[in-house]
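**Student:** Listed below, chain by chain, are the residues.
Protein chains: 2
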Amino acid sequence: MLGKTTEYAIRALVYIYIQNMERERPGFKEIAKMIDSPEQFTGKVLQNLARAELVSSMKGRGGGFFFNEPTNPITLFKVIEAIEGKEYFSKCGFGLKRCDANNPCPLHDDYAHVRDSFFKMVNEKTIQSLANKINKREATLNRL
Amino acid sequence: MLGKTTEYAIRALVYIYIQNMERERPGFKEIAKMIDSPEQFTGKVLQNLARAELVSSMKGRGGGFFFNEPTNPITLFKVIEAIEGKEYFSKCGFGLKRCDANNPCPLHDDYAHVRDSFFKMVNEKTIQSLANKINKREATLNRL
DNA sequence: TTATAAAAAGACATAGAGGTCTTTTTATAT
DNA sequence: ATATAAAAAGACCTCTATGTCTTTTTATAA
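Protein chains in written order, with my numbering: chain A, 1 to 144; chain B, 145 to 288.
By construction, these hints were calculated from the structure, which means they are not laboratory data.
Here the structure is a predicted model, which means the values were calculated and not measured.
Be aware that one or more of the hints could be misleading.
[Unchecked claim] Derived DSSO-like pairs: lysine-lysine, alpha-carbon spacing no greater than 27 angstroms straight-line:
no.	chain 1	residue 1	chain 2	residue 2
1	A	91	B	222
2	A	29	B	235
3	A	97	B	277
4	A	44	B	241
5	A	4	B	277
6	B	264	B	230
Use the sequences and the hints to build the structure in full.
**Tutor:** Structural data, given as C-alpha cells:
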C-alpha cells in the first residue's frame, strides 16, 4: 500500500521520538542502522521531513534530529501526505479520471469503504502512539 | 493502492466481457481506445493475462480477446495476484521483514483490519459483477 | 494459395522511485 | 581561531513501472 520511502519516514520518526525521550538527538546514520534502511537515502528522506516541518534538525557537533514540540501529535496521515502527495486518498480505485457519486465507476462505493477505513486508521495512529507501543514492549521496531 | 497496470487489466477484462456478451471479440487497439489506456502497452498487459490464463486470445483475421468459460467468475483478487504478485496482501504495512503475531510491528492489528477489508472486497467483486453493473447503467467505464 | 488482419514477441525508450557518493555549510568543543 | 562532527545539498546511479516501435507468427477469407 505505502511506498518504501513512506515506511522509512514513519520508522525514522518513531525512532527519533523514542530517542528524544531519552534526551538524545540521533543522526541519520544511527537512525538508518536502527530502522534497517539505506543510510544516505534515509538522510534525504529526513531532509524532506524537516522541510515539511514534521521534524527539526541541528547541524554541527552534537546535532541530529528531534521534535521541537514532542507533545504535538503527528498522525501517520501527515507523514503519508508529505511523502506520497495530497491525492493519495482521493484517486479512483478503478483508474478513471472522472469518477464521483454522479458518475461512479463500478467499484466506487466498495472502494470508498476500504479507503475510508485506511484513512481513519492513519488519522488515529500517531508517531507518539506507535512509539509508546514499542516502549511498552507491545510491539517492535525489530532492533529495539 | 493498485498500479496502473492492474487498473488497465481490470478495465480491459470488463470491456472484453461486455463485448463477448454481444458476441464480439475485441482486439487490443479497440480495447485500449474504449478503456482509455495506451494501446501497445495494453497489448502487453493482455498478453500477460492470456499467459496467466485469465483470458483467451485468437490470432489472425477475426481474432481478438475472449473468455473461454464466461460463467467461470474471475475475482479482482485473481487479477491483482497475476499482475502485482502473490505477496501483495501479505507484506507488513510498516515495512518490517519479520512481522507476525508473535513479533508484531506497532501497526500490525490495525493494518490487518484495513488489509482484510480490501482483501474481502477484491474477493467478492468479479469481472462479471462489474460488467453487469455497467450494463445495468449503475456504473460507467467512461466510454460506454 | 495468397493477401490480410489479428495477436505475439522482442528490442527499445522514458519517468519516477529508490539509492549512493562527494562537497558544502554550520554549530560546537577545544 | 581551528578542528571536528554533524546535517544539507547536489550530482549522479540503478531498477522497476510504464510505454512505444518493429518484426514475426498465425488464422481466416478471398
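**Student:** It remains to establish, for every hint, whether it holds in the given structure.
**Tutor:** Status of the hints after comparison with the structure:
At roughly 22 angstroms between alpha-carbon atoms, residue 91 (chain A) and residue 222 (chain B) fall within 27 angstroms of each other, so this suggested pair holds. As the CA atoms of residue 29 (chain A) and residue 235 (chain B) are separated by approximately 26 angstroms, the hinted pair is consistent with the 27 angstroms bound. A C-alpha spacing of about 19 angstroms is found between residue 97 (chain A) and residue 277 (chain B), which places the hinted pair at or below 27 angstroms, so the restraint holds. The hinted pair formed by residue 44 (chain A) and residue 241 (chain B) meets the criterion: a straight-line CA distance of about 22 angstroms does not exceed 27 angstroms.
Of the pairs offered as hints, the one joining residue 4 (chain A) and residue 277 (chain B) is violated, with about 36 angstroms between alpha carbons and a cut-off of 27 angstroms exceeded. For the hint linking residue 264 (chain B) to residue 230 (chain B), the alpha-carbon distance of about 16 angstroms falls within 27 angstroms, and the restraint holds.
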